[in-house]
Amino acid sequence: MSESTKQSQGSLARIGLALAIAASVSACATGTNPRDPLEGYNRAMFKFNDTVDQVALKPVATAYKKVTPSFVQTGVGNFFGNLSDVWSAMNNLLQGKGEAGLQDVVRVSMNSTFGIFGLIDIASQAGIPKHNEDFGQTLGWYGVQSGPYVMLPLLGPSTVRDTAALPLDIAGDPWRYKDPAYVRNIGTVTRVVDKRAALLDATNLMEAAALDRYEFIRDGFLQARESKVFDGDTDRRDRKVPKNDSSDYEPEYEPKPQPANDAPAATAAAAVAPADLVTSGSNTVASEARPQE
Amino acid sequence: MKLMKQLLAMATIAFATAAQAAPAVEAPDVLVKRISQDVIDTAKSDKAIQAGDIKRVTELVESKILPYVDFQRMTALAAGRHWRDATPDQQKQLAAEFRTLLIYTYSGALSQIKNETVEFKPLRADPSDTEVEVRSQVNVARGEPVPLNYRVAKTPSGWKIYDINVLGAWLVETYKSSFASEISKGGIDGLIKTLSAKNKALASRPAAKAK
Numbered sequence: 001m002s003e004s005t006k007q008s009q010g011s012l013a014r015i016g017l018a019l020a021i022a023a024s025v026s027a028c029a030t031g032t033n034p035r036d037p038l039e040g041y042n043r044a045m046f047k048f049n050d051t052v053d054q055v056a057l058k059p060v061a062t063a064y065k066k067v068t069p070s071f072v073q074t075g076v077g078n079f080f081g082n083l084s085d086v087w088s089a090m091n092n093l094l095q096g097k098g099e100a101g102l103q104d105v106v107r108v109s110m111n112s113t114f115g116i117f118g119l120i121d122i123a124s125q126a127g128i129p130k131h132n133e134d135f136g137q138t139l140g141w142y143g144v145q146s147g148p149y150v151m152l153p154l155l156g157p158s159t160v161r162d163t164a165a166l167p168l169d170i171a172g173d174p175w176r177y178k179d180p181a182y183v184r185n186i187g188t189v190t191r192v193v194d195k196r197a198a199l200l201d202a203t204n205l206m207e208a209a210a211l212d213r214y215e216f217i218r219d220g221f222l223q224a225r226e227s228k229v230f231d232g233d234t235d236r237r238d239r240k241v242p243k244n245d246s247s248d249y250e251p252e253y254e255p256k257p258q259p260a261n262d263a264p265a266a267t268a269a270a271a272v273a274p275a276d277l278v279t280s281g282s283n284t285v286a287s288e289a290r291p292q293e
Numbered sequence: 001m002k003l004m005k006q007l008l009a010m011a012t013i014a015f016a017t018a019a020q021a022a023p024a025v026e027a028p029d030v031l032v033k034r035i036s037q038d039v040i041d042t043a044k045s046d047k048a049i050q051a052g053d054i055k056r057v058t059e060l061v062e063s064k065i066l067p068y069v070d071f072q073r074m075t076a077l078a079a080g081r082h083w084r085d086a087t088p089d090q091q092k093q094l095a096a097e098f099r100t101l102l103i104y105t106y107s108g109a110l111s112q113i114k115n116e117t118v119e120f121k122p123l124r125a126d127p128s129d130t131e132v133e134v135r136s137q138v139n140v141a142r143g144e145p146v147p148l149n150y151r152v153a154k155t156p157s158g159w160k161i162y163d164i165n166v167l168g169a170w171l172v173e174t175y176k177s178s179f180a181s182e183i184s185k186g187g188i189d190g191l192i193k194t195l196s197a198k199n200k201a202l203a204s205r206p207a208a209k210a211k
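Line by line, the protein sequences are chains A and B.
The numbering of the first sequence is our numbering, which starts it at 1 and goes up by one.
The numbering of the second sequence is our numbering, which starts it at 1 and goes up by one.
With the rest of the complex left out, here is chain B (with noise of 0.2 Å):
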């Protein structure tokens, strides 16, 4: 099993070094953009997807938007400094437990968009810089556009989000009381464990409907 697993690690670092081999590292906002206006478009032009299919909108999720996000460090910004009190272990499993959460709770909003575009700021950064911040906006059809943005690092694998903000509000942030208050509770295996109970509950609720 652990062979298993270890040839199966070099095949992903050896597929995915390969796949890095010719092109340029792509730009942080023209990956942002490029990603967004795809799962817009999959998402507009699906029927399953528009009628709420969560299996559908997950596999749109796990498609075309995970392999950008970069959930490892999403974590330990929001566990904070109980990160490094974390084992290995405890990382990988809080790692996992809030991506399952991540993906559950915002396939939802997925499922909802009609009619809304989006529309790209032109980026303020230093091509040096190895963080920046894309931002963007969502037109809605009622009431003013809503922020959106995003915060991206480079990584030897391109850049990946790490954080995302919609109307001001930073995700990592606004799970980080939660975070630590589930951790003075229980410690890190407290919030482990509140994690996975809450997806589970989530798993077994009935498909959000589209409106």
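Just chain A, with the same shape it has in the complex (with noise of 0.2 Å):
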């Protein structure tokens, strides 16, 4: 690697450690929720991250997705999601689940071949599924705890764990190695900023959908996370990772041996028939005779 892309990388490294700590003793307030104990610095890192992207990275990544070709974007999107597949192989292996990682060596090659560089997905049109593998979801496969919630600068959300597997995941990026340095950072930003327009829909729904946008992207970060470490396998996840949404540290007002959720319906139940008729379209009926659980 080139000594400037050192320094910058290690400038930029070291201005986001001087934010982050500057951050976190400007605001300690110790946090109310057991999952998101940083809760100070995370906000106020979310605020720089929200404010380098409303100013810099949305707007370029809006110009990016109107004015750039689809199929431009696509090969874009295509050729950096090849290159994240040979890392999502090894992971996939490093778990032991050999079929996914064959899948993912088999997409490598037919797409870096056959797809021109990975310019083409040849291979999810031939069917063979993609898959998106990090050391941090290895680690989490064979139950390390995500640990507390932490936002990265520039980087985004993330956990404690995630973080401390973040540089072999840089190490395990084919990109990283590709010289010269100019075209590795202009690879490097092409991607920030097509991945940022894939998302532009999502987050603009998201903008929409909540009520605090930290929260509602920490809440959904950690559940998405958690998700896919697993694979949506919840059995899995169960034995593994103690029940970690906020029934933990929500008292249900009804203990019952059932799943949580059941509590609070059966007391909106109680709460609701004796009541007037909630008159919210077809609910009628249901808030009217629901049964007593």
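What the hints contain is simulated information worked out from the structure, not anything from laboratory work.
The C-beta atom is built at its ideal place from N, Cα and C for all residues, glycine as well.
You may find that some hints are simply not true.
List time: in silico DSS-like cross-link candidates among lysine-lysine, alpha-carbon distance up to 25 Å [what the hints assert, rightly or not]:
#, chain 1, residue 1, chain 2, residue 2
1, A, Lys47, B, Lys198
2, A, Lys65, B, Lys44
3, A, Lys195, A, Lys47
4, A, Lys195, B, Lys114
5, B, Lys2, B, Lys64
With the Cβ distance kept under 7 Å, some of the chain A side facing chain B (calculated, not the full set) [unchecked claim]:
#, residue
6, Asn132
7, Leu205
8, Asp212
Dock chain to chain to rebuild the complex, using the hints, since each chain is given by itself in its own frame.
Dropping the structure here:
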């Protein structure tokens, strides 16, 4: 790696670190949420990231999306997606997921050759599913807890476990070894912009949907991440990880041996049934005659 | 007015009960699949919806989706232990505001359906279960398929959806913290006010454009 890149990466890291320290010193509020003990720091970092996004990244991504022909955007996405399949294959194999790992290997081979250096995603068209594994997920798969929520400078939401895994994820990214440096940097910027453009609709939707964007992102991210680690396999997750949704710290007002979601519903029924009919469309019948659980 | 309301309610009950009389209750996965297919087909074929006409999308949502969603339960779950502290009137208002919020925000997503297909996974549940999870995935043009799951509960008027999961995040769970912190700041009324203000802001915003 060339000196100038090392220096710029180093200074970026230093800036990030300085900001992080400044933020955490200035916002030392103890979080009330046990899942987010670093809430003060996280909110401050979120604000910083959000500002950078609103001011720089989002406008560029919006312009990119508008101006660039869609086949170019697809090509860019496919190219970097192909590179990420390499590390994903590695992690699938590390997790003992032989079939998934081999699928990723096949994806890389097919797309790199027939798909012309990855620009065309032939493998998906051939029906080979894409996986998205990284080392943080590998750790999680084996039972390493995610730890508190951490908002990384510029990189966005993460967890302590995934942050620890980050150096390996960076090392496992084939693009990192691309020379010369200016090509690599242009590629990295393009990748970031393309990724942001792909997320524009989702983030616009989220801005509308969220009451508090920080919390919305945090809670959505933590759930999605956990689901990703276990590939939606709730049985394995329940074995490896203690139930970590809000039922942990929010005492249910009707303790039952059933899953947490039942209790509020039962009491809601009790509260609503004798009350006036709720005329929210077809809920009238349901709320009136809901059986007591 | 009250009499009118009661008559209307009774008529609704009668109508709904009559509608229930003949066929057996539709199984949850069959129900969700049917609604899902119906909504997607309509969204794809309707030019106005494809162009982002928010009114048309809202009509679609209200006619084809809302009858099968239990907002009361959804709101109760999102409010958590604060729900029973709310008066019936507050509960009603809260459920209505939450419902409006969800319609506004997620209707926008519907107008962006292009060529996606939905695959349903086999239902894993006992026949005697009254709460099941219906799992599906949306095959998108770029990237991995997006997991889309529903929690469905059996009510006297058939199965109703009370939670939805996109990419691993449950809707109710994601709103829980926001609700809790709003309530801790200004009580249930504060939450209702915040939702109501947000809904007004969303109503006046220009219609979301499809890409």
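Outcome of the hint check:
no., hint, in the structure
1, Lys47/A - Lys198/B, "21 Å, holds"
2, Lys65/A - Lys44/B, "22 Å, holds"
3, Lys195/A - Lys47/A, "20 Å, holds"
4, Lys195/A - Lys114/B, "20 Å, holds"
5, Lys2/B - Lys64/B, "29 Å, violated"
6, Asn132, "6 Å, holds"
7, Leu205, "6 Å, holds"
8, Asp212, "5 Å, holds"
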